[in-house]
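Undergrad: Those protein sequences? They're chains A and B, same order as listed. Numbering of the first sequence is given in my numbering, commencing with residue 1 and proceeding in unit increments. Numbering of the second sequence is given in my numbering, commencing with residue 195 and proceeding in unit increments.
Because the hints were derived from the structure by calculation, they are not lab data. There may be inaccurate statements among the hints.
In silico BS3-like cross-links for lysine-lysine, where the CA-CA straight-line distance does not exceed 30 Å [as the list claims (entries may be wrong)]: (1) A:Lys-92 with A:Lys-109; (2) A:Lys-178 with B:Lys-234; (3) A:Lys-137 with A:Lys-109; (4) A:Lys-109 with A:Lys-3; (5) A:Lys-3 with B:Lys-234; (6) A:Lys-92 with A:Lys-3.
Chain by chain, the residues:
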Amino acid sequence: MAKTIRIAVVERDRERAMLIVDGLRAAGDYDISVIGDERGLSRRLQELNPDVVLADLENPSRDVLEELALASGPLDRPVAMFVDRTDDQLTKAAIEAGVSAYIVDGLRKERIKPILDAAVARFHMFARMRAELAATKAALAERKTIDRAKGFLMKARGLSEDEAYALLRRSAMDQGKKVAEVAQALVTAAELLK
Amino acid sequence: MTNRGAVEVGFIPLVDCAPLVVAREMGFADEEGLDLSLRKANSWSAVRDRLALGALDAAHMLAPVPVAMSIGLGGRPAPLDALSVLSVNGDVVGVSPAVARRMRAGGAMPGFDDAEGVGRRLIGAVDGRLRLGVPFPFSMHAELLYYWLGALGLEAPQALDVRTVPPPQMAQAMADGEIDAFCVGEPWGSIAVENGVAELILPGSAIWGFAPEKVLAVRRGWPDEEPETARALMRAVWRAGRWLSDPSHRITASELLSRPDYVNVSAEIIDRALSGRLVVNPQGDERDAPRFLEFFDGAATFPWRSQAIWIATRLAARNGLDRAEAARVARDCFRTDLYRENLGLIGADLPGASEKLEGALDTPTAVASAAGRMILGPDRFFNGEVFDPTLAG
């Protein structure tokens with residue numbers, strides 16, 4: 001029985017860190033630590049002495065992790081960013097998902113793959129969640145604008161809510177624009193005329 | 195004008211990314227029929243990985259990175275080559291106000307050009323091991339510190355600890371007592387001064403008068419796959435460097451670089467690096483640093499193989515690798531062959547040799563070249579040492 005792999009996840013965003021940890025737990029029995037504060041990162045890593053370090057490809061602290069690749073003392077273990085020319089697909093998937101993984105020398109590939117697969121999946125999941133959140137926020141904002149435009153039309157022209165919306169939709173179609181855009185223009189104009 | 199196609203070039207928001215920004219914004223890339231996109235990144239690791247894996251065609255890169263990769267240090271997904279030097283010099287050494295006060299305990303701060311005096315004062319002001327922050331393990335920042343303090347008697351790692359701290363975290367690391375000093379590129383030194391957390395004590399040029407700082411790096415083999423694009427890019431960037439060397443273009447250059455897409459720092463701060471007139475402490479004292487940052491003059495753009503060899507032998511010695519072997523492989527990653535082939539016809543003067551003594555010149559000196567008018571800049575090391583690349587190893 002090989003010893004439990006120790007994984008350190010360098011991630012400031014708590015939500016994302018938890019998501020990655022959950023994914024790793026589901027993938028296997030690992031000893032996982034999260035480093036949420038990047039100050040004193042080298043010292044923390046020395047204390048944890050992990051076999052694998054996972055970090056966002058875009059994390060500015062990645063340059064600190066590069067130092068791990070220099071084994072200067074007898075106790076230091078060489079670590080390198082996981083880039084395997086024999087498995088371009090895994091490497092590409094990691095890069096595309098924005099995962100960088102530093103792996104201690106000598107760890108077998110079949111032990112690394114499930115870790116990377118889990119990390120890649122969770123990075124994608126987080127990106128999707130963020131995109132959905134942004135889309136929801138935008139939709140809510142649009143609806144508010146349309147409501148305000150309808151209210152303005154109802155008051156100014158004595159229309160019912162349905163008639164006001166129909167008018168907005170008709171002018172949007174005539175102008176080849178989105179209802180939200182016409183509504184926004186109307187709200188802007190209404191503010192000016194106040 | 196034929197369209198030679200799109201080219202994606204990575205950069206880190208620093209003043210010395212200027213040749214790339216100018217190549218794009220002042221029309222030098224257009225002139226070459228090049229659709230040049232600049233991609234900003236947060237870390238050197240990210241730029242290197244993207245470049246090595248083909249997500250970028252070329253990049254603004256620390257000169258020691260291609261050398262380190264060629265001799266097997268650090269991760270090396272694919273070998274990189276330097277097509278030309280983007281900038282020479284431009285680093286600054288800074289200390290916390292507390293360390294600066296202790297340095298003054300023995301009298302006024304030594305001159306801004308006095309690397310030996312400043313170094314001895316710094317060593318005297320700190321108890322125990324001197325700890326310094328640099329942006330990346332393979333960088334001219336690190337090399338200059340090891341060279342400077344090593345020559346003054348501090349051996350790494352017993353007496354000298356040079357560690358990586360991302361520049362935005364440098365001030366905090368100093369406040370937390372993790373480091374005593376730092377060596378960074380602009381605008382980070384000036385930003386630390388503006389924020390009242392650092393005093394600049396020395397420009398990098400006081401340690402080595404003509405240190406290759408950043409290079410135009412590509413994946414080995416890319417210039418063979420895309421010879422037209424590589425030539426067009428090299429030419430646009432070389433012309434941008436020449437444009438930057440004209441002092442009357444300084445204000446425009448500062449304004450361009452200050453844009454949010456690029457360095458995103460006020461033009462006034464960027465101008466300090468471009469003019470070589472630095473505000474060195476929160477009290478507003480100024481110092482002039484001659485040749486603080488060069489983009490063109492003194493054959494700054496030529497990727498001298500002797501520079502690669504100097505870097506390689508320093509890295510090899512520190513990391514227990516064979517120096518002669520390191521020198522042999524490193525010289526090939528500074529592509530003087532492509533420089534000669536692609537820039538000679540558009541007027542770049544070409545030196546007779548591709549290697550030279552490093553540190554031998556006190557004054558601007560004319561040397562043998564194709565057009566016969568090449569002037570090399572002063573390139574002294576602070577301790578007067580002369581590096582002969584033919585004796586490397």
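Undergrad: Evaluate each hint against the coordinates.
TA: Results of checking the hints against the structure:
Restraint check: the Cα-Cα separation between Lys-92 (chain A) and Lys-109 (chain A) comes to about 16 Å, which is no more than 30 Å; the hinted pair holds. The hinted pair formed by Lys-178 (chain A) and Lys-234 (chain B) fails the criterion: a straight-line CA distance of about 33 Å is larger than 30 Å. For the hint linking Lys-137 (chain A) to Lys-109 (chain A), the alpha-carbon distance of about 42 Å lies beyond 30 Å, and the restraint is violated. About 15 Å separates the Cα atoms of Lys-109 (chain A) and Lys-3 (chain A), which keeps this hinted pair within 30 Å; it holds.
Our distance criterion of 30 Å between C-alpha atoms is broken by Lys-3 (chain A) and Lys-234 (chain B), whose separation comes to about 41 Å. Restraint check for Lys-92 (chain A) and Lys-3 (chain A): the C-alpha separation of about 28 Å stays at or below 30 Å, so the hint holds.
In the structure shown, a violation is registered for the earlier hints numbered 2, 3 and 5, in ascending order.
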